[in-house]
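Line by line, the protein sequences are chains A and B. Residues in the first sequence are numbered consecutively from 860, following this note's numbering. Residues in the second sequence are numbered consecutively from 860, following this note's numbering.
Please note that a few of the clues may not be correct.
[Unchecked claim] Straight-line alpha carbon distances no greater than 27 Å define the calculated DSS-like cross-link-like pairs of lysine-lysine that follow:
1) A:K956 x B:K1079
2) A:K904 x A:K927
3) B:K955 x B:K927
4) B:K871 x A:K955
5) B:K904 x A:K955
6) B:K897 x A:K871
7) B:K955 x B:K871
8) B:K956 x B:K904
9) A:K955 x B:K897
[Unchecked claim] FRET-style restraints, in silico, Cβ to Cβ:
10) A:Q1057 x B:E921: 47 to 57 Å
11) B:E921 x A:R943: 36 to 46 Å
12) B:K1079 x A:P907: 30 to 40 Å
13) A:R943 x B:V989: 27 to 37 Å
14) B:P907 x A:Q1023: 24 to 34 Å
15) B:T878 x A:F1082: 24 to 34 Å
16) B:P907 x A:G916: 38 to 48 Å
17) B:A924 x A:D983: 55 to 65 Å
18) B:R993 x A:R943: 26 to 36 Å
19) A:K955 x B:T862: 40 to 50 Å
20) B:A1018 x A:A1031: 33 to 43 Å
21) B:R973 x A:K927: 49 to 59 Å
Source of the hints: derived by calculation from the structure; they are not laboratory data. Each residue gets a CB set at the ideal place from its N, CA and C atoms; glycine is no exception.
Protein chains: 2
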Amino acid sequence: MLTIMDQTPRPKFRLFVDTALTAGARVALDHEQSHYLKNVMRAGKNAPVALFNGRDGEWLGELAALGKHHGEVAILRQMHGQRREPNVRLIFAPLKKARLDFLVEKSVELGVSRLSPVITRHTDVGRVNVARLRAQAREAAEQCERLTLPTVDAPIALAQLLDQWERLPVGAPPLFAAVERLSAPPIAQALQNVAEVQERAFLIGPEGGFSRDEVALLDKAPFVFPVSLGPRILRAETAALVALACHLMLSSGDACIDDATDNAPSST
Amino acid sequence: MLTIMDQTPRPKFRLFVDTALTAGARVALDHEQSHYLKNVMRAGKNAPVALFNGRDGEWLGELAALGKHHGEVAILRQMHGQRREPNVRLIFAPLKKARLDFLVEKSVELGVSRLSPVITRHTDVGRVNVARLRAQAREAAEQCERLTLPTVDAPIALAQLLDQWERLPVGAPPLFAAVERLSAPPIAQALQNVAEVQERAFLIGPEGGFSRDEVALLDKAPFVFPVSLGPRILRAETAALVALACHLMLSSGDACIDDATDNAPSST
């Protein structure tokens, strides 16, 4: 029988703050958060607000003060403790606006822990607005009830990334590179063949694919595992999501899935 | 070593036509296709065009005539034979514009064979433009090098769908229903536990989730298998993609993946 796992009523507002969260604390909201609550959502005094900071789990508070440019939440009690989240990095060639927005939102929903834009030969996007990517990642995290924000890196050239990877002090973790029209094992098989390590990383090329030189670079790097996502030609943002979804569903790294099973009431 | 699997140069234009494809045939293009080639893409006479019809594989042709309202392609030779494609149905509560567009495009890329809009209690979209969904599905299929178009059904109420399902002459195939905040096994586990049948079907609820009555209906239907997509709260379109990606990666039904392995040159 299907039973409801969590009956706690959830506040309508959920915000990330970079402040310690403890019962009785008063937490200041920044200008944008205050504006959002006051002018966009028209939140009233004492409205319940959920807060998380990436470290202390999720807390229930209520709006103690709300002006045009500042606001304050009085913390009441913890709703959830911090839980382990997946450790998965997405390295992607930046895309044009709507598709990039989509890639960020979806990969945050799928639990990505680090987003790294990489510049390749056929990347047809000039400038990457990292601040904008961070703001979008934050908004998506607030929306999907994550307890952390992903790290968003500044862009780096592919050759430089591979060079740094090789010289990582911890040893080079496997980098699964999605390739098209090239001989490579299906992703599910590749993921099962490579022992699970601390962090998993996926590399997704631009719409135009990797150049011949880039394919040669990837081919000779011992830590790169080329993977196929099937015979259809996926758009870059679709490829990113398929890789993340496949990883999450097959890995034991998503505490999420453990939790979902562990928390199921024994009466079912 | 990474080797290129298919060196055939691909035409810039790829279109679905509902006509038999054989060498030497001349195939008429419809008004929209002619307009697209002439005015949007400014295709020249004799430009190479790839055609598929869902039955005869993919053929190379060249533009033999192109006017404002009509065009004709002379078929030269077959590039690929028809191959088996996944048999997977997505039943989804319609979403608002951008997210619905996205859901259709992505699920076509992921090989969905049938798209079925379903009306639930919390569906907040009044009217479903089925013709528009079909046009989008066609465009996405042309883009991602599929050899078929998915079927797009007219909307149906959830209760009616479940009722019809139960009385299917072939017996009711399993229907995997993505549920949130309810006790359900992770999707990867559920897919592996249920024997693979002809068709797989996934049900994705609306943004507001299923109502209590709907959960009760799903709960008592013997052919419904509730599945969890993890602890984060996914948007409806993300949930659809995760389910499809997970299915494709775990199933043997995606000839795509077989092909990718089979076609790898033996010299690798």
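How does the Cβ-Cβ distance of R973 of chain B and K927 of chain A compare with 49 to 59 Å: does it lie in that range?
Once the Cβ atoms are compared, 51 Å apart, the range 49 to 59 Å for K927 of chain A and R973 of chain B holds.
Tell me if the beta carbons of A1018 of chain B and A1031 of chain A are separated by a distance inside 33 to 43 Å.
violated, 55 Å
For the hint 24 to 34 Å, verify it against the beta carbon of T878 of chain B and that of F1082 of chain A.
violated, 49 Å
Holds or violated: are the alpha carbons of K955 of chain B and K871 of chain B at most 27 Å from each other?
Violated, at roughly 32 Å.
Assuming the hint says 26 to 36 Å, is it satisfied by the Cβ distance from R993 of chain B to R943 of chain A or not?
violated, 44 Å
Given the proposed pairing of K904 of chain A with K927 of chain A, does the C-alpha separation stay at or below 27 Å?
Since the Cα atoms of K904 of chain A and K927 of chain A sit roughly 13 Å apart, the hinted pair holds (cutoff 27 Å).
Range hint 24 to 34 Å: satisfied by the CB atoms of P907 of chain B and Q1023 of chain A?
violated, 42 Å
So the hint says 47 to 57 Å: do the beta-carbon atoms of Q1057 of chain A and E921 of chain B match that?
holds, 54 Å
Please check whether E921 of chain B and R943 of chain A have a Cβ separation lying inside 36 to 46 Å.
violated, 58 Å
Could you grab the alpha-carbon distance between K956 of chain B and K904 of chain B and see if it respects the 27 Å cut-off?
violated, 37 Å
Does the hinted range 27 to 37 Å hold for R943 of chain A and V989 of chain B at CB?
Given range 27 to 37 Å: violated, Cβ gap about 44 Å.
Lying within 30 to 40 Å: is that true of the beta-carbon distance K1079 of chain B to P907 of chain A?
holds, 35 Å
In this structure, the earlier hints numbered 1, 3, 5, 6, 7, 8, 11, 13, 14, 15, 16, 17, 18, 19 and 20 are contradicted, and the remaining ones agree with it.
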